[in-house]
Amino acid sequence: MSASIEIANVTKRYGTLSVLDDISLSIKPGEFVVFLGPSGCGKSTLLRMIAGLEDVTQGTIAVGDQRIDTLPPGKRGVAMVFQSYALYPHMTVAQNMSFGLENIKVPKKEIVRRVRFAAETLEIAHLLDRKPQKLSGGQRQRVAIGRAIVKEPKAFLFDEPLSNLDAALRGRTRLELAQLHTRLGSTMIFVTHDQVEAMTLADRIVVMHNRKIEQIGTPIAIYRRPATRFVAGFVGSPAMNFIPVRNISQNGNGASIDTAGLGTLDAAFRLPAAFSSEGATLGIRAEDISVLPAGQPGIPLIVEVVERLGDRTLVYGRLSDGTRLTAEADGRSEASASDRLEIALDTSAIHLFGADGVAHHADGG
Amino acid sequence: MAESYRRSHWGHGLFVLPYLTVFAALLVFPLFWSVWLSLHKVDLFGSGRFVGLTNYARVLADPVFLQALRNTVVFVALSVPTLVALGLFCALALNRTTRATSFLRGLFFSSSVLSVATVTLIWRFVFIPGDGLIPMIFGQLGLQPINFLSTAGWSLLSIGVATVWWCLGLPMMLFLAALQQIPADLYEAAALDNASRWRMLTRITLPSIARTVMLVTIIQIVMQFQLFGQAQLMTNGGPSGTSRPLVMYIYEVGFVRWDVGKGAAASELLFLIILCAAMVQYIVSNRKAEG
Ligand SMILES: Nc1ncnc2c1ncn2[C@@H]1O[C@H](COP(=O)(O)OP(=O)(O)O)[C@@H](O)[C@H]1O
Ligand SMILES: [Mg+2]
Numbered sequence: 001m002s003a004s005i006e007i008a009n010v011t012k013r014y015g016t017l018s019v020l021d022d023i024s025l026s027i028k029p030g031e032f033v034v035f036l037g038p039s040g041c042g043k044s045t046l047l048r049m050i051a052g053l054e055d056v057t058q059g060t061i062a063v064g065d066q067r068i069d070t071l072p073p074g075k076r077g078v079a080m081v082f083q084s085y086a087l088y089p090h091m092t093v094a095q096n097m098s099f100g101l102e103n104i105k106v107p108k109k110e111i112v113r114r115v116r117f118a119a120e121t122l123e124i125a126h127l128l129d130r131k132p133q134k135l136s137g138g139q140r141q142r143v144a145i146g147r148a149i150v151k152e153p154k155a156f157l158f159d160e161p162l163s164n165l166d167a168a169l170r171g172r173t174r175l176e177l178a179q180l181h182t183r184l185g186s187t188m189i190f191v192t193h194d195q196v197e198a199m200t201l202a203d204r205i206v207v208m209h210n211r212k213i214e215q216i217g218t219p220i221a222i223y224r225r226p227a228t229r230f231v232a233g234f235v236g237s238p239a240m241n242f243i244p245v246r247n248i249s250q251n252g253n254g255a256s257i258d259t260a261g262l263g264t265l266d267a268a269f270r271l272p273a274a275f276s277s278e279g280a281t282l283g284i285r286a287e288d289i290s291v292l293p294a295g296q297p298g299i300p301l302i303v304e305v306v307e308r309l310g311d312r313t314l315v316y317g318r319l320s321d322g323t324r325l326t327a328e329a330d331g332r333s334e335a336s337a338s339d340r341l342e343i344a345l346d347t348s349a350i351h352l353f354g355a356d357g358v359a360h361h362a363d364g365g
Numbered sequence: 001m002a003e004s005y006r007r008s009h010w011g012h013g014l015f016v017l018p019y020l021t022v023f024a025a026l027l028v029f030p031l032f033w034s035v036w037l038s039l040h041k042v043d044l045f046g047s048g049r050f051v052g053l054t055n056y057a058r059v060l061a062d063p064v065f066l067q068a069l070r071n072t073v074v075f076v077a078l079s080v081p082t083l084v085a086l087g088l089f090c091a092l093a094l095n096r097t098t099r100a101t102s103f104l105r106g107l108f109f110s111s112s113v114l115s116v117a118t119v120t121l122i123w124r125f126v127f128i129p130g131d132g133l134i135p136m137i138f139g140q141l142g143l144q145p146i147n148f149l150s151t152a153g154w155s156l157l158s159i160g161v162a163t164v165w166w167c168l169g170l171p172m173m174l175f176l177a178a179l180q181q182i183p184a185d186l187y188e189a190a191a192l193d194n195a196s197r198w199r200m201l202t203r204i205t206l207p208s209i210a211r212t213v214m215l216v217t218i219i220q221i222v223m224q225f226q227l228f229g230q231a232q233l234m235t236n237g238g239p240s241g242t243s244r245p246l247v248m249y250i251y252e253v254g255f256v257r258w259d260v261g262k263g264a265a266a267s268e269l270l271f272l273i274i275l276c277a278a279m280v281q282y283i284v285s286n287r288k289a290e291g
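Chains A and B, in that order, are what the protein sequence lines are. Quick note, the first sequence lines up with residues 1 to 365 if you use UniProt numbering. Quick note, the second sequence lines up with residues 1 to 291 if you use UniProt numbering.
Be aware that one or more of the hints could be misleading.
Covered stretches of chain B, as calculated for chain A (at least 3 residues, CB under 8 Å) [unchecked claim]:
(1) 183 to 190
(2) 201 to 212
Simulated restraints on C-beta separations [as the list claims (entries may be wrong)]:
(3) A:ASP356 / B:ARG96: 52 to 58 Å
(4) A:HIS126 / B:ARG197: 33 to 39 Å
(5) A:SER39 / B:ARG96: 52 to 58 Å
(6) B:ARG197 / A:ASP129: 25 to 31 Å
(7) B:VAL73 / A:GLY40: 56 to 62 Å
(8) A:SER237 / B:HIS9: 49 to 55 Å
Below are the BS3-like pairs computed for lysine-lysine, each with C-alpha atoms no more than 30 Å apart in a straight line [said to hold, decoys possible]:
(9) A:LYS28 / A:LYS75
(10) A:LYS109 / A:LYS75
(11) B:LYS288 / A:LYS109
(12) A:LYS134 / B:LYS41
(13) A:LYS105 / A:LYS75
(14) A:LYS75 / A:LYS212
(15) A:LYS134 / A:LYS109
(16) B:LYS288 / A:LYS131
(17) A:LYS108 / B:LYS288
(18) A:LYS108 / A:LYS134
(19) A:LYS109 / A:LYS131
(20) A:LYS105 / A:LYS131
(21) B:LYS288 / A:LYS105
(22) A:LYS108 / A:LYS131
(23) A:LYS75 / A:LYS108
Everything labelled a hint here was simulated from the structure, so no lab data went into it. Virtual Cβ for every residue (Gly too), placed ideally from N, Cα, C.
Could you put together the complete structure from these sequences and hints?
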């Protein structure tokens, strides 16, 4: 049982402090949507408004075809997994899971069936009689998810559920969440500031920044064709390189971009007529910059720091004009600090950002 | 590092020495001294010979002591549950931060800082026959006024009312502190779980503050067994001893009639009673928490 979620022109203010401004978003039934953004951008607030834990200042929220933003939290048909898990400390695992069902007078037999199903799905059947403080972090997390599953909700809401787990467990739980989504087919909204979680879990990512939605798109679209400079800089590790642009001249089949550090680059841009090179920035990811074999002429880069990741090597350096740039070399690279390397750019992977932050991509658009 | 951190050194004990000295001088020593006194025949003219448990036998055979014991037990049985329940109720009602609740918290706590003399003065104004507040209200309603402070039964109850009013601040504050330790997201999870306010109270709030309830109960048992000032000033134990508490009995025996050995014996008995009552409460609530 999964439902669509329709958020229309939602605004949230605390007194005079505006936290979310005119947010609209539609989520399809069964979709896994991730709200991604830096801390304090309002992700939790938006999620909590869907759950009913915060009032909506303006706008409407609907689940399925029912408007829910005026209903109390329990009547909205959604289940939430809290960052702190919020397990009831004086109840056993089984009681934690059945509490919500008892409150709406679900028959005993049905409660037992659902708790058993959830416990088996999450492999916590052997923990049913324990109290939360006798559980590890990962086990508590599963109980919190189990408490959501037994409600058979129209949508699951997760607020940074993995952030209290250690790195190894986080990776494993991430995979299990993806499997759970496939198995249950429910609508899920997942809040995180971790782009790896967003990229790996989401059908679609909603990137939020500064009270607004910056971009909504599939992980690949967000990564390949970021809509704004903020998205380009926030998603991807290492962060995209940004290089100030001096001048742009457009010609028949593209644009000629003049920069201090990289010289003049020709790329297949189709920019709007009004595009101004004033305050524009060029963006390119480290993986689209290659280090040339010795002796081959290219753009000079003075190496400052080298990070060897095994399969690849990240080279942090400065261009001739002092601009910082990160390039990716292969894992066997012998580059070291203060070396002078020659690099080349894949001009089809260049992005241009106007002074307003809006992105244009070399492959059109 | 952990090893040297854990290893203790006798020199560290010096830090608690000042407190320990005061504790020993003012509590441990008098405790043993009064045990010694209770086993001797002591009067105004100095300490006398060892008399064994005679003083205890005299106390236990004294009908005035038994009456005072019954009064005190009744008083504790009435005032402690009232203080706990009312303190919890006020804390639950005021567990929000608005200007009104901050003001009311301050107001309820303010009575605790008054001296017993002021408290009894205020409540005498309420109860005193003729001009008192309650007799006036009774008069307005055309009812026969009751002389609260000099009617058997009513006098002890009046002391109880004044005591609850005076002592309510501490339980309320302790409960408020405990309530604020409960994570807010438990209530949010419960709201999403469709829990009624009653279910939240019984399944989340009360289990979370059970230890504080026990603590407050024990503190109040210990305090209310030592009732003295209010009784002395409001009713002077009357009428005919029906509101005389144990401490007043000890005071009269020891310091008015100077039968120091008997007074010491009575105070040892009070000490034992308080100890037992507190321990029974502790054991009972611990068993309930585990069971
Ligand atoms: N109760 C509140 N009163 C005032 N401001 C709040 C309140 N709750 C959250 N905020 C503010 O709203 C913004 C968004 O918070 P939040 O949704 O928790 O961010 P995120 O989850 O993206 O880190 C933050 O700047 C925070 O300070
Ligand atoms: Mg948050």
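Exercise for review: Output the numbers, in ascending order, of every earlier hint that fails for this structure.
Suggested key: Violated hints (numbers, rising): 3, 5, 12; every other hint is consistent with the structure.
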